[in-house]
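Chemist: Sequence:
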Amino acid sequence: MPTALVTGGGIRVGRAIALALGRAGFDLIVHANRSVKEAGEVVAELTGLGRTARVEAADLSLAEGPKLLASRIQSLDLLVNSAATYEHANFADITREQLEHMLSVNLVAPFLLTQALLPALRANGSGCVVNITDMAVTHAYTPTHFFSHYLAAKAGLDQLTRAWALELGPSIRVNAVAPGPVAMAAQTTSAQKSDLLQRIPLRREGRPEDVAQAVVFLAQSPYITGQTLRVDGGLSVA
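First residue of the sequence shown: 416, per the numbering used here; consecutive thereafter.
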């Protein structure tokens, strides 16, 4: 069976991705930092599906975190860089510490983890990386105001997707999934949600499972690389 590593796989979108990959026939390594208990629950559910699964805990914001996680993995077919952090902050008030933390989790960690896992991804001759970015890095919309440091990091990851696709082919494919309004931030007001839903052609907020299905599609599409698939209900073209 092919094996996938999903970072941040214990909760929210990461959880949905891990479960969808399990149903698609992947064995799973479910990474977690603070959500180890929840990751264990995901592993139990995957085991119930007949998959082999385990939890690997690591703080990817630390300098040695990505290398520590990669050192436990010898062979890998799919890496999903899903772990992320975000916060609502006025640009004028964002401190250097806040900016560096946002970059360390959302950009530096995927960079270093992917780098450290290159031997494992090349071991089977057809590795795949899927980065979870954000549709708002190219099509800003109201609920993403006050997240400029988060969006800067995700924009960097989106660009790395194309750079890696060029450099790592043909043995490794690299793509991204860019969610739109999926599991919107708690700071989003009901008025903002209502206005946004009227602008989305499909007239609903996205579900984590919508993102997960896109990841499975890219993982199983051997002639697609260097692409960003927006999962946004059509908001980016509205």
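Since the hints were derived computationally from the structure, they do not count as laboratory data.
Do not take every clue at face value.
To be verified - Below, computed lysine to any residue pairings styled on SDA-like, alpha-carbon distance capped at 25 Å: (1) Lys482 with Arg577; (2) Lys452 with Glu502; (3) Lys608 with Glu620.
Bear in mind the structure is a predicted one, so any value in this text is a computation, not a measurement.
Chemist: Determine for every hint whether it applies to the structure shown.
Modeler: How the hints compare with the structure:
1. Lys482 with Arg577: 23 Å, holds
2. Lys452 with Glu502: This hinted pair holds, its Cα atoms lying about 23 Å apart.
3. Lys608 with Glu620: Satisfied, since the Cα-Cα distance of roughly 9 Å is no more than 25 Å.
Of the numbered hints listed earlier, not one is contradicted by the structure.
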